[in-house]
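Undergrad: Chain by chain, the residues run as shown.
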Amino acid sequence: MSTAPSSAPGVHAKKLWSYRPRSDREAGDAVVSNFLLHWFPAKVFKPSLDWTYSFWLGTISAALLLLLVLSGLPLLFLYIPSVERAYASVKDIEYVITFGSWIRSVHRLSAHLMVATVFLHLVRVFLTGAYKNGTGRGQRREWNWVLGVAMLLLTLFLSFTGYLLPWDQLAYWAVTVGTNIASSIPLVGPRIRELMIGGRTIDQPTLIRFYVLHILVLPAALGALFAYHMWRVRKDGGLARADREALLKEKTEEPKARSKTYTLLGVARGTAPTIRATTLEAPDLQVNAIPDLTRRAAVAVLGTIAVLSILSTLVRSPLEEAANPLITPNPAKAPWYFLWLQEIVTDTTVHIGSFTVNGAFLGGVVLPGLLVVLLTVWPWLDKSPASAAGIWLPRTRSRQNAVFLVLCLVVVLFTIIGTFCRGPYWHFYWPWQSWPEIPSRI
Amino acid sequence: MTDDNNRRDFLMRLGIGAGVAGLAAQAAASLRSLVPNVSYDAPTTVKLGLPSEFPDGLKFLPDQRLFVFREGDVFHAISSVCTHLGCTVRAEALSQPETAQVGGKAARLTHRFLCPCHGSKYSGDGGNVSGPAPRPLSWFHLEVAPDDGQLVVDLAREVGRDFRLTVSLGERA
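These protein sequence lines are chains A and B, in that order.
Residue numbers for the first sequence, in this note's numbering: 192 to 633.
Residue numbers for the second sequence, in this note's numbering: 65 to 237.
Be aware that one or more of the hints could be misleading.
[Unchecked claim] Each pair of labels, with its calculated beta carbon distance range: (1) B:Ala89 with A:Phe611: 50 to 58 Å; (2) A:Leu565 with B:Glu156: 37 to 45 Å; (3) B:Leu87 with A:Phe611: 38 to 46 Å; (4) A:Ala593 with B:Ser194: 33 to 41 Å.
[To be verified] With a cut-off of at most 30 Å between alpha-carbon atoms, the simulated DSS-like pairs for lysine-lysine come out as follows: (5) A:Lys237 with A:Lys574; (6) A:Lys237 with A:Lys426; (7) A:Lys524 with B:Lys169; (8) B:Lys123 with B:Lys169; (9) B:Lys185 with B:Lys169; (10) B:Lys185 with A:Lys524.
Since the hints were made in silico from the structure, they are not lab data.
Glycine included, C-beta positions come from ideal geometry on N, C-alpha and C.
Chain B with its partners taken away, still in its complex shape (with noise of 0.2 Å):
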């Protein structure tokens, strides 16, 4: 008698065990069908034209949200990906361009950069000057392509603020 309920008792517990292990199983099969995989993401290695279309300088390029400095034949890229929660910040041209130490070396700044979303305010090398942005904007590695001399950003790689592309535009101009 003891013996048949124990049996009875094992199977039960069993069955049950095994319908509550195979709704677990198929949960989270279903919930992990929801981690992507792939990410269809943009190209990270983006042409943007040859220098000398550049204008000295500050161009914006929206579809890189970048921002790209030329002074003369030296170009340097700054994102405009806000570091607090990735709203596009927006330049504004100071009335006096300042002289600031960037990366060690002297620069002028001509423009500031402000967020519409949480009003993080940056300096024209992209330092977080106020508001509630962590970080400086990231600056991005710029070189000429081999073929076509094409401005080449990489948005995978970061550089230090003492980034600089020289280029030699007499050759392509």
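Next up, chain A with everything else stripped away, as it sits in the complex (with noise of 0.2 Å):
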């Protein structure tokens, strides 16, 4: 039996890693040795850490997910994808079950919660240049802000199939409005809409087409692109700022009278860029992922949690009437995440004289669709110097953040329209207005 010293290198001393190291050997033998911080660098840099530069936006969003995953499972359990049943099973979850009001709350706000945190995240990426390459090799931040656009879509998808399945009447005017909306696409819109609804009505194939969507084909695809999201933040050398610390170090030092120190030590033979790494030029600004990134990110993830366990608490889940295909609510409201697109397809349609184009197409479809393809397109479009990148609003990017915050804006304030300005058949009411007497039914 041979006997290694303990502290040879690649011999743990400990079989299980340390949550308090007590020196930076051991913090990073926590990372090599623990599954679940792999993700994690052994060192990061501190100023990436700060609070208010990315807001742990990201990090909020990931933990919303862990928490959808993990009261979505109790909900499998208990939820049943058939016309005649969804809605008594959902009315069970609510009222019925132990808990099940608490979990499906938990669930509903998670949901609503992430919509608002990856855009703000999006927002954030824009506005601080985080697509943008810094100086490290193979560094493909480009693409990982393409990953996030697709995420958010897939964020918006799942919603989307997730608010459908109480099969309330929400649910079926939903599907009714966001199908047709498909269906209004030139040449193949029918098609298109018949395959998202399994024929020409809705009904049990819709019902059970949405729901492997929503448990299945959408979580394992956002699970997917996750993954990659996150192993593409470790590939591209952390966050953005980063690069901009390493860059601002390139201006201020003298690399001359350096490699000339290097060459007269006989340190290193080849130039200066060989050995220079942010680890060895800023290492004050080099901190220990454990514990300072785990104890951020563990502040993150459990203050997510804590915050939507007591909220779901006092935020109950609504369950409209069950969903009755014969009438339509009056307003029929999306949820707030889709007010803006449904106050676009009202103000869309178009007469050109005796031609018209549907709004359906126009702000369902269109529109919508440039959106994402100019969000994606953005990094490419984006001239910006790299000195722009990790960096709240600089001023060699304002025009561009002008123009995304107007978008924003834009989006914003439609939403806010159709959230609290919006009443009976879609009429514009201030909100101190009072809404005038319709019958609910006809």
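Both chains come to you apart, so use the hints to assemble them.
TA: This is how it looks when you write it as structure tokens:
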């Protein structure tokens, strides 16, 4: 039996990793030996961890996704995906099953908040130019942005397929409107709608399709993209802010004198760039991932879980009347994150002489499609210098930040109008105006 | 040697190609299975009841998503499906009936139609007046069933806005 000294490289003194490391060595070991910590680097750039740089929105989104998976699991056992029984099963979850209402609220509120945090995360990444590549090798930050856009779309589609499942009035009319938007695409639209709803009428084939998408296909896709997203963050050298620090360092220091020193000392035979690494240049800004990163991540994740758990005891999830194909609610409103779209499809029907473009197509397909394309290709349109990355609202990007913010504001404004200013028959009312008495049934 | 390599390369490519083709075919088959070959739709020709059972003015039939209008012994039917995104429009009685040219004839309009989803407005003859609706509401063909004299609508047969069905009520009433 050979007894290797416990201090030898690659040999772990402890069988289990330490979450309270007493040395750099132990901190590094913890990252290497713990599967869960594998997505963290051993060392991180301290400014990247600032609360006010990233607001940890990505981590919070991931925490919400975790909550959605966890709360979705019991719901999977309780929910019945049949048009006859779906509504009753959700009603049971809400009113009969112990803690059912709370679990459903955790699931619903997490979903709502996730839409918000994923969107805000995207806004943060844009305003800090974090999709821009720095000096690191093999960086593909623009592709991680594209992955992010895809994940935002998946988040929205997951929400859409999720709120259909109770098969209440909201669900039924959302499917009607949503699939009719697809149907408005010239030539192929009706075929696409048939594929979506599994026939020409909204019925059992529709529900089972959206159910399988919601519990299997979309979460699997989101999970895969999430893993890829995190892997890319590591490959790209952490947050864009780390690039920025390296870039600024490069400017302030004099590489000439430096390489001379090394040559004189005979430390390196090559040129200066081979030994230029942020770890060497700024050791003061590098901290151990454990505990500096893990502690903050724990605060973000546990904080999210705590807030959601408490919030869910206070806010109950609504359940409208059972789906009734005979009566459209008045007003029939989508959830808040789709109200800007509902507002756009309302306002974009264009009549040119006898020729009419349906707002369903223009506002429901073309405009959102253009927005997504614009978001996707923006990193390639962005010609600002690399120094504009990793900093909030740099001057060199002020114009494109302004354009982006205006687009965001339009979306937010339309959302607010849709939420607070639309009443029966989608008429405009100020929030303080009362709606006229209109019978809820004809 | 070169020949050998060529053969190996070729076989390797053939193997990979066959694998990819096999997977693609299976994926295509799986996806194709999701394209519906049949849709179990409700019948499009529906008996609505005896003409004499309809009140003068408008009657809404939620099951068929249809408004049936009666003016004496003259009937016509307008769809309640909004042409924008398919919600069911609601009828609102006008305080003052209007007279308008509908399909070249003067007609008395007693209602207007409003959509709760996106606010489209239609006149009493189904014409799209304002809001996002791109087209007027559909008019459907009405006839009297030869067997029991019930009013029959054909939801698959759109007609022009000059369509009127005159029923001789005296026989059946």
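Undergrad: Hey, Lys123 (chain B) versus Lys169 (chain B), does the alpha-carbon distance stay inside 30 Å?
TA: This hinted pair holds, its Cα atoms lying about 22 Å apart.
Undergrad: Given the hint of 33 to 41 Å, check if Ala593 (chain A) and Ser194 (chain B) actually sit that far apart at their C-beta atoms.
TA: 34 Å, holds
Undergrad: Within a Cα-Cα threshold of 30 Å, do Lys237 (chain A) and Lys574 (chain A) meet the stated pairing?
TA: Holds: Lys237 (chain A) and Lys574 (chain A) sit about 28 Å apart, inside 30 Å.
Undergrad: When you check the alpha-carbon spacing of Lys524 (chain A) and Lys169 (chain B), does it fall within 30 Å?
TA: With a Cα-Cα distance of about 39 Å, the restraint between Lys524 (chain A) and Lys169 (chain B) is violated, given a limit of 30 Å.
Undergrad: If I claimed the Cβ atoms of Leu87 (chain B) and Phe611 (chain A) lie 38 to 46 Å apart, would that claim hold in this structure?
TA: 51 Å, violated
Undergrad: For the pair supplied as a hint, Lys185 (chain B) and Lys169 (chain B), is the alpha-carbon distance within the 30 Å limit?
TA: 22 Å, holds
Undergrad: Please check whether Leu565 (chain A) and Glu156 (chain B) have a Cβ separation lying inside 37 to 45 Å.
TA: 41 Å, holds
Undergrad: Given the hinted pair Lys185 (chain B) and Lys524 (chain A), is their alpha-carbon gap at most 30 Å?
TA: 18 Å, holds
Undergrad: Is it true that Ala89 (chain B) and Phe611 (chain A) lie within 50 to 58 Å of each other by Cβ?
TA: Cβ of Ala89 (chain B) to Cβ of Phe611 (chain A): about 53 Å, so the range 50 to 58 Å holds.
Undergrad: Does Lys237 (chain A) pair with Lys426 (chain A) here, judged by a C-alpha cut-off of 30 Å?
TA: This hinted pair holds, its Cα atoms lying about 18 Å apart.
Comparing the model with each numbered hint stated earlier shows that hints 3 and 7 do not hold.
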